[in-house]
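**Student:** The residues making up each chain are set out below.
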Amino acid sequence: MAARGHVQDPNDRRLRPIYDYLDNGNNKMAIQQADKLLKKHKDLHCAKVLKAIGLQRTGKQDEAYALAQEVAALEPTDDNSLQALTILYREMHRPELVTKLYEAAVKKVPNSEEYHSHLFMAYARVGEYKKMQQSISAQDENLSKTMFLPLAERMVEKMVKEDKIEAEAEVELYYMILERLEKYQEALDVVRGKLGEKLTSELQSRENKCMAMYKKLCRWPECNALSRRLLLKNSDDWQFYITYFDSVFQLIDESWTPPLEEEHSLEGEVHYSIEQAVKFIEERITEESKSTRPLRGPYLAKLELIRRLRCRGCNDEYKLGDPEELMFQYFKKFGDKPCCFTDLKVFVDLLPSSQYTKFISQLLEVIPLSSTTESEIALPADIKALQQHLCVVQLSRLLGIYHAMDKKQKLTVVRELMLRYHHGLEFGKTCLKTELQFSDYYCLLAVHLLLDLWLEEGEEMAVWQCLTLLEEGLSHSPSNAQFKLLLIRIYCRLGAFEPVAELYSSLDAKHIQHDTIGYLLTRYAESLGHYAAASQSCNFALRFFHSNQKDTSEYIIQAYKYGAFEKIPEFIAFRNRLNSSLHFAQVRTERMLLDLLLEANISSSLEESIKSMSLSPEEDDIPWKDLRDNRDLTVLFNWDPKDRDISEEHRKLSLEEETLWLRIRSLTLRLVSGLPTLSHSIQPKNSEKTAENGVSSKIDTIRSLLQQLEAAVDSGKKFLEQKIQYPVLGPPPTRMAGFFSNGSCQCQTSLFYLVSDIYELDTNGLEDSAEVQERIGNSFKSLIERLTDLFNKCKGDLIEVRDGTLKTQPNLLENLVFFVETISITQWVSSYCDGVLRPFKSNLQKKKKKKKETNVAMPPVFTHFLDYVTELQTLTSNVIDHIKGLEIILTALKLEELSLKDTLLLQEEKKFTKTVQGKVQSSYQHSVQEIGELLKKRLDTIKKLKI
Amino acid sequence: MTSLRAFTCDDLFRLGGAALDAVLLNCGPQYGIPFYLQYLAHWPEYFIVAEAPGGELMGYIMGKAEGSVAREEWHGHVTALSVAPEFRRLGLAAKLMELLEEISEKKGGFFVDLFVRVSNQVAVNMYKQLGYSVYRTVLEYYSASNGEPDEDAYDMRKALSRDTEKKSIIPLPHPVRPEDIE
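Heads up: the protein sequence lines correspond to chains X and A, in order.
Counting in the working numbering, the first sequence runs from 209 upward without gaps.
Counting in the working numbering, the second sequence runs from 1406 upward without gaps.
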């Protein structure tokens, strides 16, 4: 290894001119100079590498590579060669070679921190996290615990003994190593000791680390004393109340008593009885009353303490007071803050349900509302009173008071809320466009009530009123994301995707939101026939996921460079979380299916399309076991009671449903991608090598995938038997139910069985094939029947006026989209069929000519196929005609002339109703157009099927 | 009532709810994941998140330390400060600013600074209340999404204890261009 430092290496001087030439882009001269130097100094490896760089840059990649490998084989350990090779490999886009290089260097010079560092970064670049984790985190538990971490520990220990630890980052690292080795006591000693003094830059870094170790070591006295101390400093920090309560009750359960002579604990005084805890909290409240700014912490802590005591079967033995009264007092103190509702929400379980109405009226009484001559209801005179009133309305919904009302009462509340909404707009006249209106929640709550009427009481009119009020709200508060999100959900439920794209883009969703809320778009765009928008929304998401993979690697390196070691495992976990995202797997799969749907056998052959996507039936790139559900299912606010709210169970079920559906989709994709591999254009027929060269194994793959598909379908059906209803604003159900009920599932699976039969005919030939031929013929027949059934499920009006209101049938759109997809798969399979039958026919015809016989019998399968193709054409044409009919009806529908019975909305609001109905109409037209156009293209490809 | 703690990558997944609505008090560029990761890698101590008892994300502050010590320009910088509408008017922004100042004190900074849209009176007033003053105007610091210059920024500063004479906050007489600021 070159001794670096004061004496300049003579080689550096010799190499200098070559570096200069390379820097100036004079590659030829660099090569010449290197050759010259190598004549004199054969062993100057670095010169060889520099020459290789010159060669690489002049387009002589092969020579460059050979030369580089010559040097690499020697496992160089001099800086110059290593650095030059690193540059070269990077330019060759072979970062994995850099890791090999430094692996060898580290082996030879194990003490070099620098080489370890280079190796680490090289690993990070190629994403060899497994190996990186061995040296940094503890992913590969065993190896790291038995080898790397103890080694690291010894190295750091040595540094500590030699008093060499200087930087805070080094202490952090030492702590991390010990923590990962589960040497919690040692870690605690480091943090509490002299080295711990260096931990200064992060806030309460030392305290936080001590606390973490106390928890790991179950040292409850210390947990308690430390959290108590921190609360004395800041009585508003919730996390320390939690630790304080946890530890008090732990100590009570252990019947802990303090030692007689010594201090209570390392961290000072310990509270170990309920009396002490009660006293401590009461003291915090007394202290709070002296503070300049009111603090919510102590009051909420009291409610939390009551909650915990109740859980332990205590009632009011400790005289903490009645929760109802405490919450009432809390409301009086903080009711004008927007967060009052979220704060109290945590504790409403403490109220007996018999007291709900009383509690709400009690709150209402203390709000300063004043009656005016213009309005029959008392209104708030300022923003504070409005905020208080809003809090009560939110609580009313949370306590189920609105849910218990009948239809008429609900409508009265809606009217009142809208009146309050309009009145409240006065307070926000000076609000900027980017700010929200103070009374927005009134509007949102009114919409929630109307949603209940629509979905629970079947009130068709209510959905139009929902959309009307939301569009109206949005016009006053154009950046209210909740309005937009709810509009998106409702439009999608109505089957109207067109307005959604614009709303979503105005949300200005960024980066990670493509993962967390992208499902709102991707669930509906394709299934409603907005194919172009569907492609686009998949692209947004995919672009994000792909750039993430690159970005994170760079920042792992940066974190290492800046000594933020704690962040390294965090970044790796982050990257993994995104890579194994459910949504990522879904958009990947759906995007490919969509591309095939739009292109395969239309603008390019199925085979080419599949090749360009590098799809292969054997390959499954979805991390089924590790799929992470990153969806934000609570992005839409709701104030529903707990029993109607989105629960953990719903999340679990929804993830299960999504995974089942994804499995079906991914298997379908893989089955389709297997079709071209069976075809003879790749393999010469009757080759003896058939078995070896893989066509037969291809059919095995397909048959096994088909079995898996059947199993997935079974699991899907079992899942749906549970008839799960997610909350209205919770996860949207998948397309699986429609897929089964409209018959597309049966059609698609039977198509893949047909493939298997045709393959059999293909390999065994026409002789003795009567049975197979008959099976194929029957399959054709039943397929046409099934497709006709599917078509029947598409019939009906998308939108119609009935009983003075507009009724929609969005499921017809979903069925049509399934029909088009199924027809596409039918066409791909039929075209495989065509490819198999065609050579049979031409052979027979040749024979016929040779023998000049007129009565060479044509096998029945030909007729079956021809009949089937004709029927397929007729059916498809019929569907196209049906779609044309839908278009005509939609265009003829003059919504603006309709006068719908609506007594709820104000005259000026009704113009929003016209707008939303127009949007839905136009969106349906758009869907029908796109679906129709695609189907026409499919019909053209079907027409080409004639053996 | 808040839990204050270091921001982690997992919090990025929860930004949706809050950030969709949150109006940044002082806007920087459009943030992408690399932007957040860069701050987490380089200045993790300057990235703090506040969480409500019900688990909701209330807001966050993101900043950095930069500048030359020799020229007495070493300082803390507020890159982003965001509080969800639900949790406004609780003094959370002030609390987060206080923390950032505390960290900057520990690092021996001379001052803390931030940029804010000239039109954002609410934010300008809030910062004034917290002891910040306008040090200079930066012309056309903000640009619209089409790349056109959009608005000027105030560069607001507050001196820390190391700057005993409060030299760092003496207002500049003339506005500057974005390319002139370091």
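Because the hints were derived from the structure by calculation, they are not lab data.
Among the hints, a few may not be true.
[To be verified] Keeping only pairs whose Cα atoms sit at most 25 Å apart, straight-line, the calculated SDA-like set for lysine to any residue is:
1. A:1533 <-> X:499
2. X:406 <-> X:420
3. A:1500 <-> X:1098
[To be verified] Derived coverage of chain X by chain A (criterion: at least 3 residues anywhere in the stretch with Cβ under 8 Å from a Cβ of chain A; other residues may be distant):
4. 551-565
5. 777-788
6. 800-808
For each residue, glycine too, the CB sits at the ideal point set by N, CA and C.
**Student:** Count the residues of the region 777-788 of chain X with a beta-carbon closer than 8 Å to any beta-carbon of chain A: does the count reach three?
**Tutor:** With 5 residues in contact (Cβ-Cβ under 8 Å with chain A), the coverage given for the region 777-788 of chain X holds.
**Student:** Taking only the CA atoms, is the gap from residue 406 (chain X) to residue 420 (chain X) under or equal to 25 Å?
**Tutor:** Given that 25 Å is the threshold and the Cα spacing comes to 18 Å, the pair holds.
**Student:** Mind taking a look at whether chain A covers the region 551-565 of chain X? Criterion is 3 or more residues with CB to CB distance under 8 Å.
**Tutor:** holds (count 3)
**Student:** Is the listed coverage of the region 800-808 of chain X by chain A valid when you require three or more residues with a beta carbon under 8 Å from a beta carbon of that chain?
**Tutor:** violated (count 0)
**Student:** Can the restraint linking residue 1533 (chain A) and residue 499 (chain X) be considered satisfied, given a maximum Cα separation of 25 Å?
**Tutor:** Since the Cα atoms of residue 1533 (chain A) and residue 499 (chain X) sit roughly 22 Å apart, the hinted pair holds (cutoff 25 Å).
**Student:** Tell me if the straight-line CA distance from residue 1500 (chain A) to residue 1098 (chain X) falls inside 25 Å.
**Tutor:** Violated - the C-alpha atoms of residue 1098 (chain X) and residue 1500 (chain A) are around 57 Å apart, more than 25 Å.
When each numbered hint is compared with the structure, violations occur for hints 3 and 6.
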